[in-house]
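What follows is each chain in one-letter form.
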Amino acid sequence: MSAQMFFIGFFGLAAVWFGIVVFRTFSMVRSALALLFSQTALGAMFLSMQAEFLGVLQIMMMATEMSIMAIFMVMFMMDPGGLGEMDMTHQKRLSLIAGLVSFVGAVAVAVFADWGPAASVVPDAAQQTVDLGLELLGRSMLIFETAGITILTAMIAATAVAIQSVTRSNEHGH
Amino acid sequence: MGIELLLALITGAALFGVGIYGALSQTNLVMIMMGVELILAGAMVNLVAFWRFLHPDIPAGQMFVLIIITVMAIEMAVGFGVAIARFRAKGSVEMEEAAELKG
Amino acid sequence: MTSVLILLLLALGAYLVAVLEAWIASGHLSLATPMLAGIALLGRESIVPRKPDRIFFEVGPVLLLISALLAAVVVPLTPNLIITDLATGALFINAALVYVLVALLMAGWGPDGAYAMVGGWRFLGQLIAYAMLIVMPITAVAMRAESLLTTQIVVSQAGLWNIVYQPVGFALFFVAAMALAFLPPFDLPTATGELAGGVEAEYSGVRLAVLRLGRLVLIITLAAATVVFYLGGWQGPWLPPWAWSALKILAVTATMLLAGRAMPRIREADLLAWCWKLGIPLALLNIFLVGVLVLVFP
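As you go down the protein sequences, you meet chains A, B and C in turn.
Going by our numbering, the first sequence opens with residue 1018, and the numbers climb by one from there.
Going by our numbering, the second sequence opens with residue 400, and the numbers climb by one from there.
Going by our numbering, the third sequence opens with residue 30, and the numbers climb by one from there.
Hints in this document: simulated from the structure, not taken from any laboratory.
No false leads were mixed into what you were given.
Taking lysine to any residue and the SDA-like style, the derived pairs with C-alpha atoms no more than 20 Å apart in a straight line are:
1. A:K1109 to B:V435
2. C:K80 to C:V235
3. C:K306 to A:I1173
Predicted model, so just to flag it, every value in this text is computed and none were measured.
Chain A on its own, in the form it takes in the complex (with noise of 0.2 Å):
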């Protein structure tokens, strides 16, 4: 029971845990929050398995994320605080049947498939991140740059839905 599968398992329950916590809480801003925390475990366990640029990255991002994501909980939902004990889902057992099967039927590839010899020689960290920038600007500048192109558009058409037209008269707010 190497050092490496304990932390592994340990972060994938947390992850797990967390994520079943989004909807099973009343409350909305836990429910963003365990997400949050969910995605944290994910970023430990890529620092666990070595991919420390990814791992920290993950921690980083997901964090701005989901606090955006508790925000526009709290602004658009009937009842952030969750004392009012509302259910809001439908066709359960339709989901959670989907949920099931999707599950075992990952889990069954994983198990009785062949993966091959694990390996076991990884690059330390600073040559993975030389390798990844060379890798990003290099062979894959293709992808990066649509990458970029997406981000770009992403961002311009979200402002432009989101926009509100500003008149002369309720600019400044009167």
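Chain A is already provided as a structure; the job is to place chains B and C on it using the hints.
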């Protein structure tokens, strides 16, 4: 076949299952998006596990994960833009009420 | 052993920040004021609001302290005095400091009080303003050092400190660091006078002591990060490296505490407008200029 790879893949499968349950069972758009985030997180765990335990010398595995993180951010941005527009038009983001195009 | 020494130095630094803050606020220097104030705070009654979100109420201040300590783990005080020299150290500082936001959201939502909640969500708006202004100057600094190791970043400044090499980046990082530590004029979450203490309003006794301690450790960690990224870390002519580190960190802390004293609190809308319309183009320009300089002068 290492036990660590199996643990990581089972975690990915569990997150995927929870995400599908959430995305299908919730009525609010924001909660559905949380389910989708969990599905993408499950895929990411699988990718990192495959990179680490099968091909650690190929950086393209990590690059794929970077692209998925980017996709998560983009999907959240546009999704929340749409949610704001819907909220302004109708006063709620409940997907049960969004049946205007239904046959 | 190194870890214990660094944690002791951090505690000493946080104490000195408290002394400095009291000196700047009241005008006379008294070395015992923070200790007496801390003891008084611990002796006071711990009032719990009527229906708090218990988990958030308890975890908020602790998470603030933990995130500030985690960020201090990768900051080098001398070439050998660093708890862990992570290969992605410069990014890890930012990753740890983002949890300051999560801590303040918890501290804001937890007590089930209006002022605290407004303070907490205001900090989220502040984060959207300063987040890019922290990460982009770090990118430019890492470009010059060609590594994310914090020790390598200090070593790369041996010829010329980054404050001279990338002054725009320094200005942006300094302002964003003040906004992260919610120091005046960016103290929207704990707007004294307007929100009656905001995020700190509903806390008392031990939890308030932890919250205030977390804030002090955050200030000194940010000052240490500024010194490592822009002021050459431990490098200097006659004194030993630890003396230079200490002097520079205290100087940066004093500047951060003094800088906002004469300015009114910046409104949320103005902060967002200035940071996104002026700050981010400047940060991108900084990256471009540093890229050109790095290629032209190897």
